[in-house]
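Okay, so the sequence shown: first residue is 3 according to the working numbering, each after it adds one.
Take the hints with a grain of salt, since some may be wrong.
[Claimed, not checked] DSBU-like cross-link-like pairs, simulated, lysine-lysine; straight-line CA separation at most 35 Å:
| hint | residue 1 | residue 2 |
| --- | --- | --- |
| 1 | Lys494 | Lys562 |
| 2 | Lys255 | Lys309 |
| 3 | Lys386 | Lys369 |
| 4 | Lys100 | Lys158 |
| 5 | Lys386 | Lys494 |
| 6 | Lys386 | Lys315 |
| 7 | Lys256 | Lys350 |
| 8 | Lys290 | Lys494 |
| 9 | Lys206 | Lys61 |
| 10 | Lys226 | Lys270 |
Rather than coming from a laboratory, the hints here were simulated on the basis of the structure.
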Amino acid sequence: MLKKSWMYIIFILSFLFLFFSLLLAYYSLQQNSTTLQHLSSDQIELNYYTSKLNYDVKKNQTHILQLALLNKKASQAELEPYFIEMKKSIERLRLYIKKHPNLSKKFLATLDTLEKRIVSYKIVERSLIDAINRDDKEDIEDALIGFDSIAAVFSKDTKTLMDLESENLYQELSNIEQNNTNSLKIMLLSFFVATMLILFYIYKFVRLNKKLQKQLKISQTTQKELKETQHQLMNYNDNLEEEINKKSVELYKKIYTHSISQLPNRNKLLEDLQGIYFPRMAILNIDKFQSFNDVYGEKIGNIALEKSAEFLKDEINNLPMRLYHVSGDEFVIVCTNQTGGDEIIFKKHIEIILEKYKNHIFKYQNKEFQFMMSAGISFSGKDKMLAYADMALKDAKRRNLQLSIFKDDKELEKTHKEDIECHKKLQYAINNNHIISHFQVIVPIQDDTKEPKFESLVRIIDQKENLIPPHMFLSVAKANRIYYKITQAVIKNTLEVIEKYQVPCSLNISLTDIENSKTMHELFEILNNFEYNSLLSIELLETEDFKNYDMVYNFCLKIKSFGIKISLDDFGAGYSNFSHILNLPIDFIKIDASLISNIDRDQNSKVMVETIVDLAKKLHVETIAEFVSSQKILDVVKEIGVDYAQGFHLGKPASIEEQLGEGLKRL
């Protein structure tokens, strides 16, 4: 569009130039014609007045000569008309000069001279007339000579006027000629420019025409291709509906089917809950599956999930139940019996599934795997049934139960809300460096030469500066997978105290920590550069959950390579952990509070502790009694032979500065 506009502008300019050249030529001709007309009339007028002046002089001269030849007398009054005519001619010439101020100064001077000569001429003429009237031939001859002389000069001056006028005429004609030449040049230049513009316009027009022809050809080709494409689309149209249906099925599968198990996913469950009433629902979660994924990798983990889905599908086959795979390691089983049925039967089915799953061995290539599941069941709340079942699952995880049921008393809902608030407090503590350690003294009670130790116990400080103990947030930290951050903070706190005060301290490491490769890598990196490893002890927690002895055993060997001692915590809480003392390279065992808290009153607890102490002495392992809350308990454990004691009777948990400032209670 812009190119076309420029072409139109060029075209208009070319015609404007042509019009300008013609107008200029016309104006020049008109001006020259007017000038010539003025020159002709002015020249005629000037010639007339000059000739008239010369004629009047000649006429007067002739009359005087006739008088002289005929010897007639004449008066001055008789000759006055001739002088009047000469004066008139002079006056007209004066008027001519006023109308033509561009006349030369010589012309003006000559006219002034002529006017003066008339006066001289009149004086000479008067002398001649006087001589004629006296008839004095000698004076007549002298007067005639003067008269002829002044008449000749007068004629010469008149001729000079005519010559000057001719020069002026020539100059005017030269100006006209120059003007014509300039006008011709301008006209030719304008014509040349206009011609070039027209030629340029023609060139552009030809190019534009060629371009239009080319575009027309392309358009024709495109139209032909479009027709071919339309033809192809018409051919594809028959299969289009089938292809759309196929893609719709694929899209539906992606939206509503879990990619690993091919079971209905969370989206499908939420949609079904809008239109179908499920009277009972259970959420099943594979315990510690993230650790399994970390150890064996995502590929093996996906295979384990796939086999778990097949197992659950087989278990509910032929039952009025439906199975969903709602997240990586989480499944949902719903009852489709609309009448509700027996809640006890549904609970029994879930318990059987959990037990079978626990005992089932999954095989893949040369590997064998066993897992456990926890479950949460809900029997109410159409819109909140999934949330209630999830609360029950979290309750089961928190209380280390295999199964928990949501009750209508809102207790689980309250607990769930408390967990959410606790999670917020945890995040605040992590982000603001409010994870601290309090220390509780561990006192040697058999050998006074031994140095007391301190156990590092984690606490968090919330937004209101409240101190929160671990039993209120550790399970929430594990459920929200931020437990490792607490472990990192405790390690940092404990090592800083050892380095600052050079006092022996112990810190707790759980099976969750050992299974977290990132936590272990960071711990070993820190210990590798720590100068006071001999003052550090590691207490192993959750000994009942030890499944992979190789992993725990290798951890213990690695820790002992740094010169660090190992304690087995909560020993005696479960009888299965008696094997740990034989299979793991430990230095201390901490006898569980369940045996110590009533040892002064319960003979069975005392016998059990005596047995543990005797076994430990034979294995050269030292013992620590937890939960020593009174002097009576302290006396009993000292009598039995326990090496160390720990409890409120000896010192409550407090900051290390308070512990060191108050001094230690010793026996």
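Consistency of the hints with the structure:
1. Lys494 <-> Lys562: 19 Å, holds
2. Lys255 <-> Lys309: Given that 35 Å is the threshold and the Cα spacing comes to 20 Å, the pair holds.
3. Lys386 <-> Lys369: 40 Å, violated
4. Lys100 <-> Lys158: Judged against 35 Å, a Cα distance of about 24 Å means the pair holds.
5. Lys386 <-> Lys494: 42 Å, violated
6. Lys386 <-> Lys315: Answer holds: Lys386 to Lys315 is near 25 Å, not above 35 Å.
7. Lys256 <-> Lys350: Holds: Lys256 and Lys350 sit about 34 Å apart, inside 35 Å.
8. Lys290 <-> Lys494: OK: Lys290 and Lys494 at ~26 Å, within 35 Å.
9. Lys206 <-> Lys61: Measuring from Cα to Cα gives roughly 79 Å; hence the hint is violated.
10. Lys226 <-> Lys270: 49 Å, violated
Comparing the model with each numbered hint stated earlier shows that hints 3, 5, 9 and 10 do not hold.
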